[in-house]
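Chemist: Letter by letter, the chains look like this.
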Amino acid sequence: GAVVSQHPSRVICKSGTSVKIECRSLDFQATTMFWYRQFPKQSLMLMATSNEGSKATYEQGVEKDKFLINHASLTLSTLTVTSAHPEDSSFYICSARDPRAHTDTQYFGPGTRLTVL
Amino acid sequence: SQQGEEDPQALSIQEGENATMNCSYKTSINNLQWYRQNSGRGLVHLILIRSNEREKHSGRLRVTLDTSKKSSSLLITASRAADTASYFCATDSLGSGAGSYQLTFGKGTKLSVIP
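Chains as they are written, first to last, in the working numbering: chain A, 146 to 262; chain B, 118 to 232.
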């Protein structure tokens, strides 16, 4: 089946720094990618939807200037957490789907655990 | 916002017993999916049921969908200790802003299977 990778799997950073998380579709073209955030013992919350070559659509309450999303190619989307604070510590998961494949399947990455000190 | 609501929030059963988890949602859907997540790990896709389907089986899993009641259930038969995990339902529907289908997850059911 299709594989989505994320890098890094775990990152620890100091408060005020920026962190970039990469999401790659390894064997298919992902015209649409999604970024989720999951706090401990809670569910996944959709942060934004990004379509290749266009600006991301952010969910209500998600600051687009704080969570910068770039989907420059059909296999790569990046999420940059700018000026990170301890409350940004969370598990970030990306997923991808290719609507052109006429499939409803959404493929999830393994997640990135961000800890902001 | 959360679309799916699972119940129970937590379920503890003995190995060999069946586990049933329910999910309710509010809007029209394209399909409904169930996922499993082990603690601190990524998601594992279990099963997808389309809006025009009523029941689906996959191994020890049985999923039902009632679109009139906007609800779904996941049944795991003959549970094993390895089934211990959190289970999430997710509804696939057209996003309001993005113009594309997106998954919205419920709060999940934490299943513990005691050996």
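Worth flagging that the hints you see were computed from the coordinates, not collected in a lab. There's no promise every hint is true.
[Said to hold, decoys possible] Pairwise CB distance ranges (calculated):
hint, chain 1, residue 1, chain 2, residue 2, range
1, A, T225, B, H162, 19 to 29 Å
2, A, G161, B, N169, 44 to 54 Å
3, A, L213, B, I164, 42 to 52 Å
4, A, S163, B, K186, 12 to 22 Å
5, B, L211, A, K209, 15 to 25 Å
6, B, A195, A, S228, 19 to 29 Å
7, B, E134, A, K209, 29 to 39 Å
8, A, T225, B, L211, 39 to 49 Å
9, A, P153, B, L211, 28 to 38 Å
10, A, L219, B, S141, 14 to 24 Å
11, B, R197, A, S228, 42 to 52 Å
12, B, L211, A, E197, 28 to 38 Å
13, B, D124, A, G161, 24 to 34 Å
14, A, S154, B, T194, 43 to 53 Å
On a predicted model such as this, the values are computed, not experimentally measured, just so you know. A virtual CB, placed ideally from N, CA and C, is assigned to each residue, including glycine.
Chemist: Checking each numbered hint in turn, tell me which of them this model violates, lowest number first.
Modeler: When the structure is compared with the hints, numbers 3, 4, 6, 7, 8, 10, 12, 13, 14 turn out to be violated.
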